[in-house]
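Asks: These are the residues of each chain, in order.
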Amino acid sequence: MFWVATGVILIIVLVPLLWMYSTMFKTPEQVYTMGLKGFIAFVPTLENFKYIFSFTTFFLEIRNTFIIAVSSTVLVMAVSIPAAYSFARWNTGAGNLLFVTISSRMFPPALAAIPFFFLFTKTGMIDTHPALILLYLYFNMSFATFLLFGFFREIPKELEDAAMVDGYGRMQILRRIVFPLIGPGVAITAVFCLVFAWNEFFFASLFTRIDARVVSLGMPIWAHGSGTIQWGFMMVVTGLALIPTLVAAWFMQRYIVRGLTFGAVKG
Amino acid sequence: MSVHVGDEAEMGVVQFQKKRTVWETLTSEKYFKWTLLIPLLAVLSVFMLYPLFFCIDESLYESTLTGKTGFVGWENYRAVLHDAAFWLSLRNTFQILLLSLAGELALGIGIALLWNREFRGQNTIRGLCFLPLLASPLAMSLVWNVLLHYDVGLVNQILLAVGIPKIQFFSMALGKYSIALINIWQWFPFSVFVLLAGLKGLPKDAFEAAKVDGASAWYTFRKLTLPMLSPLIMIIVLLRTMWLIRLFDPIYGTLRQAREAETLDYFVFRIAFSYFDIGIGSTLAVISLFLTIIICAILFRYLMLALGAAKR
Numbered sequence: 002m003f004w005v006a007t008g009v010i011l012i013i014v015l016v017p018l019l020w021m022y023s024t025m026f027k028t029p030e031q032v033y034t035m036g037l038k039g040f041i042a043f044v045p046t047l048e049n050f051k052y053i054f055s056f057t058t059f060f061l062e063i064r065n066t067f068i069i070a071v072s073s074t075v076l077v078m079a080v081s082i083p084a085a086y087s088f089a090r091w092n093t094g095a096g097n098l099l100f101v102t103i104s105s106r107m108f109p110p111a112l113a114a115i116p117f118f119f120l121f122t123k124t125g126m127i128d129t130h131p132a133l134i135l136l137y138l139y140f141n142m143s144f145a146t147f148l149l150f151g152f153f154r155e156i157p158k159e160l161e162d163a164a165m166v167d168g169y170g171r172m173q174i175l176r177r178i179v180f181p182l183i184g185p186g187v188a189i190t191a192v193f194c195l196v197f198a199w200n201e202f203f204f205a206s207l208f209t210r211i212d213a214r215v216v217s218l219g220m221p222i223w224a225h226g227s228g229t230i231q232w233g234f235m236m237v238v239t240g241l242a243l244i245p246t247l248v249a250a251w252f253m254q255r256y257i258v259r260g261l262t263f264g265a266v267k268g
Numbered sequence: 282m283s284v285h286v287g288d289e290a291e292m293g294v295v296q297f298q299k300k301r302t303v304w305e306t307l308t309s310e311k312y313f314k315w316t317l318l319i320p321l322l323a324v325l326s327v328f329m330l331y332p333l334f335f336c337i338d339e340s341l342y343e344s345t346l347t348g349k350t351g352f353v354g355w356e357n358y359r360a361v362l363h364d365a366a367f368w369l370s371l372r373n374t375f376q377i378l379l380l381s382l383a384g385e386l387a388l389g390i391g392i393a394l395l396w397n398r399e400f401r402g403q404n405t406i407r408g409l410c411f412l413p414l415l416a417s418p419l420a421m422s423l424v425w426n427v428l429l430h431y432d433v434g435l436v437n438q439i440l441l442a443v444g445i446p447k448i449q450f451f452s453m454a455l456g457k458y459s460i461a462l463i464n465i466w467q468w469f470p471f472s473v474f475v476l477l478a479g480l481k482g483l484p485k486d487a488f489e490a491a492k493v494d495g496a497s498a499w500y501t502f503r504k505l506t507l508p509m510l511s512p513l514i515m516i517i518v519l520l521r522t523m524w525l526i527r528l529f530d531p532i533y534g535t536l537r538q539a540r541e542a543e544t545l546d547y548f549v550f551r552i553a554f555s556y557f558d559i560g561i562g563s564t565l566a567v568i569s570l571f572l573t574i575i576i577c578a579i580l581f582r583y584l585m586l587a588l589g590a591a592k593r
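Sequences listed follow chains A and B, in order.
If you read the first sequence in the numbering used here, its first letter stands for residue 2, the second for the next number, and so on.
If you read the second sequence in the numbering used here, its first letter stands for residue 282, the second for the next number, and so on.
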């Protein structure tokens with residue numbers, strides 16, 4: 002029974018993804034084939050790939066997304082790690098400041114989008130990388146701080162106190178003791194920030210046009226473009242865009258499971 | 282407070298020096314914790330305060346992309362609150378929110394209970410279940426758009442093969458459920474993982490005592506497991522609510538033409554960026570903000586209550 006249930010769950014989880022990857026290789030006629038057989042037995046074609054690679058800005062989009070995601074994640078880490086440490090160690094601001102940080106997540110994206118749309122238009126920052134990087138910095142910062150706060154709380158104060166007795170200064174303690182211990186936590190948070198920045202759509206659609214186009218934008222084009230929907234092309238973009246996130250997650254897999262259990266078990 | 286050897290030395294040094302460098306001040310015991318916060322506070326003030334004041338300001342005017350055209354005071358708010366489309370989008374948002382949460386939690390608890398044991402290949406299987414979380418919501422909405430397609434979709438093909446008539450998943454009646462379905466598919470792993478971690482942390486003694494006393498599985502679940510998990514459940518509810526109130530991507534990916542299933546954020550998007558009515562757009566944004574804060578504050582209180590109850 003257990004395996005039946007697990008099997009069903011796995012099927013439900015995987016079928017959409019498998020379908021997506023199989024459609025990448027289909028011609029439009031094959032996509033519209035009726036009947037279950039059409040989904041499995043077909044002759045794969047690389048036509049879709051050829052089209053996407055030669056006639057669209059796909060590679061540019063990938064490059065942009067990569068730059069934006071990595072840069073914003075690095076910035077988020079630089080801001081959140083010290084802040085989370087401060088919150089965890091000394092409860093700075095007595096919980097209120099922490100709540101304010103988290104509540105920045107509650108802001109409707111539109112609330113931030115409208116003013117910054119104006120600001121960026123006036124300063125000519127639309128369709129540039131820094132625009133999105135800054136926005137993602139703001140959006141991810143609260144989440145990252147919250148996560149890292151949980152991880153920092155794991156570290157026993159005694160370790161730091163012992164080091165202080167030994168005469169280490171604050172910065173040294175940070176570097177030698179705290180940093181190594183939070184490795185997994187930082188890894189998980191970084192992965193989440195990367196994934197979020199990579200998959201984000203709302204701000205990307207508003208703030209980029211041509212130069213800084215992000216992969217997220219390349220997808221709906223095929224659904225709302227001319228006449229019929231080009232499933233094959235759309236799935237190529239979607240499927241390929243998914244791969245970096247999957248790779249990132251695969252690397253972090255060990256850390257993710259361990260980290261999620263860490264935080265929840267103690268708290 | 283423990284006495285540190287370092288402290289005394291520092292104090293001794295201070296007495297001999299007239300001026301400490303900025304760096305030393307910033308890294309001194311008292312101010313260090315605030316120094317650490319400087320980047321965060323800087324970003325917060327820019328990105329939180331500026332949009333807030335901007336939107337509140339704009340919401341009091343009638344304005345378009347080219348600028349304000351007249352002070353209207355509360356007129357915008359009145360117009361919005363009387364707009365049927367606004368209330369419709371609000372209702373849709375909450376319906377989808379409740380549906381999605383219910384599904385995610387139900388599936389989450391069920392699967393967490395199911396997998397709360399050692400089994401072969403568990404790491405791989407659990408890892409695989411993580412995939413929906415990673416996919417771009419927009420991408421998966423597009424995929425589901427096809428899967429639930431009336432003629433071509435895989436789901437309808439399977440239904441036909443089994444003998445059930447095809448379902449028009451994106452009709453006016455079912456649209457909300459389809460979107461909830463997309464949400465549930467993508468996010469139930471989140472509940473699973475959080476609850477699974479929680480289950481693993483539960484003390485075994487209480488459960489063993491219950492088994493010795495002959496309690497049925499259902500009874501154990503109701504009286505022991507559920508209350509102990511309640512803080513985690515509240516956390517999931519809180520986090521997902523914050524996310525689901527501003528649901529946007531699935532709407533964009535599937536029902537773009539259908540006004541009936543519009544959610545709040547999509548409504549704001551349409552008004553502000555398709556019609557470029559910045560005045561009303563800002564009004565909506567401000568209203569949306571207050572709504573979110575109120576709801577999250579309420580949920581936060583429940584969370585605190587649950588935390589208190591679980592500590593027993």
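There could be a bad hint or two in this list.
As the list claims (entries may be wrong) - Selected chain B positions facing chain A (in silico; Cβ < 10 Å): (1) L341; (2) A365; (3) A366; (4) L423; (5) G444; (6) P470.
Unchecked claim - In silico DSBU-like cross-links for lysine-lysine, where the CA-CA straight-line distance does not exceed 30 Å: (7) B/K481 <-> A/K158; (8) B/K447 <-> A/K158; (9) B/K481 <-> B/K492; (10) A/K158 <-> B/K492.
Treat the hints as calculated values from the structure; they're not laboratory data.
Ideal Cβ placement from N, Cα and C applies to all residues, glycine included.
Asks: Each of the hints needs a verdict: does it hold here or not?
Replies: Structure-based check of each hint:
no.	hint	result
1	L341	violated, 14 Å
2	A365	violated, 20 Å
3	A366	violated, 15 Å
4	L423	holds, 6 Å
5	G444	violated, 13 Å
6	P470	holds, 8 Å
7	B/K481 <-> A/K158	holds, 25 Å
8	B/K447 <-> A/K158	violated, 61 Å
9	B/K481 <-> B/K492	holds, 18 Å
10	A/K158 <-> B/K492	violated, 39 Å
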